[in-house]
Amino acid sequence: MEDQDKARTCENQLEEEQLDEEENVVTFLDSMDAYLTLIDSLSSTLRQGWLELASARHSMGASRISSSLFDLKLHSAATSLRVTEDDVDSKMNQPHFTLCKWASSDNGKCCSGEAKFDGDELQKKSVSSQLRYRGTSQFDEPQEIQEKSPTCKSPTSNGSPLSLDSPVQKQRHKSLSVFGTLVSPKLRAAQFSFETALETIVEIANMRSSMLSAFDQVQKDIESISTGEQ
Amino acid sequence: MAGRAQIPTKSSALIAMIADEDTITGFLLAGVGNVDLRRKTNYLIVDSKTTVKQIEDAFKEFTTKEDIAIILISQYVANMIRFLVDSYNKPVPAILEIPSKDHPYDPAHDSVLSRVKYLFSAESVASGRR
Numbered sequence: 001m002e003d004q005d006k007a008r009t010c011e012n013q014l015e016e017e018q019l020d021e022e023e024n025v026v027t028f029l030d031s032m033d034a035y036l037t038l039i040d041s042l043s044s045t046l047r048q049g050w051l052e053l054a055s056a057r058h059s060m061g062a063s064r065i066s067s068s069l070f071d072l073k074l075h076s077a078a079t080s081l082r083v084t085e086d087d088v089d090s091k092m093n094q095p096h097f098t099l100c101k102w103a104s105s106d107n108g109k110c111c112s113g114e115a116k117f118d119g120d121e122l123q124k125k126s127v128s129s130q131l132r133y134r135g136t137s138q139f140d141e142p143q144e145i146q147e148k149s150p151t152c153k154s155p156t157s158n159g160s161p162l163s164l165d166s167p168v169q170k171q172r173h174k175s176l177s178v179f180g181t182l183v184s185p186k187l188r189a190a191q192f193s194f195e196t197a198l199e200t201i202v203e204i205a206n207m208r209s210s211m212l213s214a215f216d217q218v219q220k221d222i223e224s225i226s227t228g229e230q
Numbered sequence: 001m002a003g004r005a006q007i008p009t010k011s012s013a014l015i016a017m018i019a020d021e022d023t024i025t026g027f028l029l030a031g032v033g034n035v036d037l038r039r040k041t042n043y044l045i046v047d048s049k050t051t052v053k054q055i056e057d058a059f060k061e062f063t064t065k066e067d068i069a070i071i072l073i074s075q076y077v078a079n080m081i082r083f084l085v086d087s088y089n090k091p092v093p094a095i096l097e098i099p100s101k102d103h104p105y106d107p108a109h110d111s112v113l114s115r116v117k118y119l120f121s122a123e124s125v126a127s128g129r130r
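Sequence lines, in order, name chains A and B.
Counting in this note's numbering, the first sequence runs from 1 upward without gaps.
Counting in this note's numbering, the second sequence runs from 1 upward without gaps.
Hints were generated in silico from the structure; no laboratory data involved.
Yeah, the Cβ is synthetic: ideal placement off N, Cα and C, and Gly gets one too.
Don't take every hint at face value.
Straight-line alpha carbon distances no greater than 27 angstroms define the calculated DSSO-like cross-link-like pairs of lysine-lysine that follow [said to hold, decoys possible]:
(1) A:Lys73 / B:Lys90
(2) B:Lys117 / A:Lys220
(3) A:Lys73 / B:Lys117
Chain B residues, not near chain A, derived (Cβ > 12 angstroms throughout) [stated by the list, open to error]:
(4) Thr23
(5) Ile24
(6) Thr63
(7) Asn79
(8) Met80
(9) Ile81
(10) Arg82
(11) Ile95
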């Protein structure tokens, strides 16, 4: 009787291990699929940005949009990242990246899990990536960058110029002013496209971490299977 | 991987770039440009006059700097220093290969996908079975 119970327990354990292994494989395949989908989305966004940049260069002149105009004086990046350690199921530690857009000394820290910006413009321009999940999703992380700044006062629907009161708009304007005071609307459009590309890039970085973590798990499972067979 | 290193928490890390002028211009417009006290930038513009040594030096510098979390590198540039990129295996900074205007993204060359593709080969599948 005891032998039968032991055998049943062993069988259950084996089944559980097999389920875990299959789950790891599904997680790995999901993350790889999502990674490739995001890369495709990034390619589209970058193409749009390059086209807009080329249009801006055409209207403003090649000498007005050139690397010789880049600001080489001491300054910090207005858009940065926050890196934290993501302890997934206490198995593997992986880095988690959060984008902090247009943070400045006036703004204070904007990295509270979300980045603030003038949401309307970017929501129109942002490319939504279609991610398909086969198994249970570990990727239900909140989209980190889709919140309207409470200080934003920009009326965009009636075509009037964007207000410069918002610190975010000030930072954007500062970034554009490298290329002159009056810039082509295409240059502004390019700025938005590359901001969207940055968001996608951070998603790709997080997906890359998940994929490599899942890959390590699958590798371990394969090794344990081959060790067990020997 | 045994002995996985702790991932340091950083509150204000940079994005470094090794790419063509248009790509760098675009991302600088998005606010990622940084110039430190030594007048060093967090980007390298790659053009026809840039040597492979310069690209290698920039890659090594960016991968060893504490304040960089992601390195964006155009895939065609990564192909010039493929050995260096493929041999890099730390979680941070993360190396992301991006397309460029004249060179679309090719998953076959991506270093991350190269690392995992052997799982899909017939040999690895056969070795896992009885």
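- Taking each numbered hint in turn, which are not upheld by the structure, reported in ascending numerical order? 1, 3, 4, 5, 11
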